[in-house]
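There are 2 protein chains.
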Amino acid sequence: MKLTILGCYSATPKANNNPTAQVLEIKGHLFLIDCGEGTQVRLRNSQVRFARIKHIFISHLHGDHFFGLPGLIATFQLLGRQAELHIYGPKGIKEAITLLLKLGSSWTSFPLYFHELTTTCSEVIFEDEKVVVKTIPLKHRVYANGFLFAEQPGERKLNRVAAEEYNIDICYYQNIKNGRDVVLDDGTVLANSLLTYDPSPAKSYAFCSDTKYVPENVSLLRGVTALYHESTFLHQHADLAEKTGHSTARQAAEIAKASEVGMLILGHYSTRYSSLGVFKDEAETVFEPVFLAEDGKEFVI
Amino acid sequence: MKLTILGCYSATPKANNNPTAQVLEIKGHLFLIDCGEGTQVRLRNSQVRFARIKHIFISHLHGDHFFGLPGLIATFQLLGRQAELHIYGPKGIKEAITLLLKLGSSWTSFPLYFHELTTTCSEVIFEDEKVVVKTIPLKHRVYANGFLFAEQPGERKLNRVAAEEYNIDICYYQNIKNGRDVVLDDGTVLANSLLTYDPSPAKSYAFCSDTKYVPENVSLLRGVTALYHESTFLHQHADLAEKTGHSTARQAAEIAKASEVGMLILGHYSTRYSSLGVFKDEAETVFEPVFLAEDGKEFVI
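Protein sequence lines, in the order shown, are assigned to chains W and R.
Numbered according to our numbering, the first sequence spans residues 1 to 301.
Numbered according to our numbering, the second sequence spans residues 1001 to 1301.
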């Protein structure tokens, strides 16, 4: 699983800071998460093949999280894209994109599907045999969702020595790896656990931006391999965080600690602070390990 | 008059090529012309003070000419802008911007005025005592306008020696500079031309993008100081230019020659060509001088 940060700053732009966009590579999928203005150029810089992106997840409809989407879709069209594209985001996203394309007298010649989100409970929005994606209800100034990307549990690993000892025909091996017990000719039932080892643990990545502190999400986030949690402010500005629907670095770390996640990645920094180190320092008083998202940085999870 | 090219490439982005946006400084005004995705970052790079931009002119509603506008307006709002903002562009632009702001549950606290354009004849869309702005009807795949920015003619220059010779009271000087004749006490009429010199010639800048070859505009463009004309293609691809509603470098030069402009600036290059020099070479077979727009370049006109 590889996460590439295309942009991780909050709304007002500086010359070299980009608004939120990430690419998650998971089990052969390439998911684009949020799409702030300029994302298509950053995708080019990161040498991501546009055609591999088939699913785009938009957390909320503030400009710094989705104003790059119309341009990306227009570029897909200009490049002669054929592959279908699925967009998951708050209700209204279809109307916005449709209007912008209509004003340009264009439409896509590739299949474009909108999956508009409205509920405030976690729901499964994508699932195949390899990956499941759920929403994470966030609390911001507008309707917002985070996203939990989880590998499906892998198949169990065959204990070949045991299987041969019990003289099990090779044609049953796949069933055993799928978790089935085996009934021998004499009627004896061999529990699957005698014949297999646990699979490699399924990894997961949770994206939480933009949001105020939402401890209710701890049960949903429990044990995720990596948690990205916004930290727009430091705790000295907790009042501003509360007022604007954002979190502090300390609050992000509190969520990470309570959820017992594997690692915490901070991002969505206000540009009022002169360095990023202060966010890491503050979070590490509560939880470790803490990493800082930075434009262009890659995390192998 | 100073023109800054923020971006000058056609639609599909490369890592370091930006879509169309220009800033024209004319008689104290700072006009933004088109606003492709990422314009706000380029404005930052060019150290343009956002508050000085009070008028934005959008040629047409293809993404590479206006998808940077919603983000720029959102940033103006975040920065606490107070000054009014006027946007001139095709009908539909108000609906688009309004919807995007509404989806983000925001509106501007500064006065935002839309001047929607619909006619296919040239019309005056802005005028004050220093500058007049007219539309230039273009022919593209969607409704499109270029813009002609012209300094108002300056006042005539007083011939102080002549004025003193005729013993003219100083209180008449402003009237004389405004072009009035003078009646002496004995009834003699002194023609203004005896007392003044011609003013400095008023400069003008014409922006024509995107458009196919429109020779009908020659009378409107006659004698402009500087003409920016798109040259998406070279003449070897004249069929593509015709089909997509664009011009070749040679066609841009034909317009410049017939209009007897002071200088031609080419731009809106297709990324299919490996260098820009070929556009200049082709145009110079018809007209000189030719300059190449390049991202970040400034022209003092």
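Bear in mind the hints are in silico, worked out from the structure with no lab data behind them.
Hints should not be assumed to be uniformly reliable.
[Claimed, not checked] Here chain R is said to cover these stretches of chain W; the calculated rule only asks that three of the stretch's residues, wherever they fall, bring their Cβ under 8 Å from a Cβ of chain R:
1) 28 to 42
2) 54 to 63
3) 66 to 78
4) 92 to 98
[Claimed, not checked] DSBU-like cross-link-like pairs, simulated, lysine-lysine; straight-line CA separation at most 35 Å:
5) Lys157(W) x Lys91(W)
6) Lys54(W) x Lys1257(R)
7) Lys1102(R) x Lys297(W)
8) Lys54(W) x Lys1102(R)
[Said to hold, decoys possible] Each pair of labels, with its calculated beta carbon distance range:
9) Leu1079(R) x Val218(W): 23 to 29 Å
10) Glu127(W) x Gln1082(R): 47 to 53 Å
11) Phe1114(R) x Ser46(W): 51 to 57 Å
12) Glu127(W) x Pro1111(R): 45 to 51 Å
13) Phe50(W) x Ala1202(R): 52 to 58 Å
14) Gln236(W) x Val1124(R): 38 to 44 Å
15) Ser275(W) x Leu1079(R): 21 to 27 Å
The C-beta atom is built at its ideal place from N, Cα and C for all residues, glycine as well.
Structure-based check of each hint:
no., hint, verdict
1, 28 to 42, "holds (count 4)"
2, 54 to 63, "holds (count 3)"
3, 66 to 78, "holds (count 7)"
4, 92 to 98, "holds (count 4)"
5, Lys157(W) x Lys91(W), "violated (43 Å)"
6, Lys54(W) x Lys1257(R), "violated (49 Å)"
7, Lys1102(R) x Lys297(W), "holds (33 Å)"
8, Lys54(W) x Lys1102(R), "holds (28 Å)"
9, Leu1079(R) x Val218(W): 23 to 29 Å, "violated (36 Å)"
10, Glu127(W) x Gln1082(R): 47 to 53 Å, "holds (50 Å)"
11, Phe1114(R) x Ser46(W): 51 to 57 Å, "violated (37 Å)"
12, Glu127(W) x Pro1111(R): 45 to 51 Å, "holds (48 Å)"
13, Phe50(W) x Ala1202(R): 52 to 58 Å, "violated (47 Å)"
14, Gln236(W) x Val1124(R): 38 to 44 Å, "violated (54 Å)"
15, Ser275(W) x Leu1079(R): 21 to 27 Å, "holds (22 Å)"
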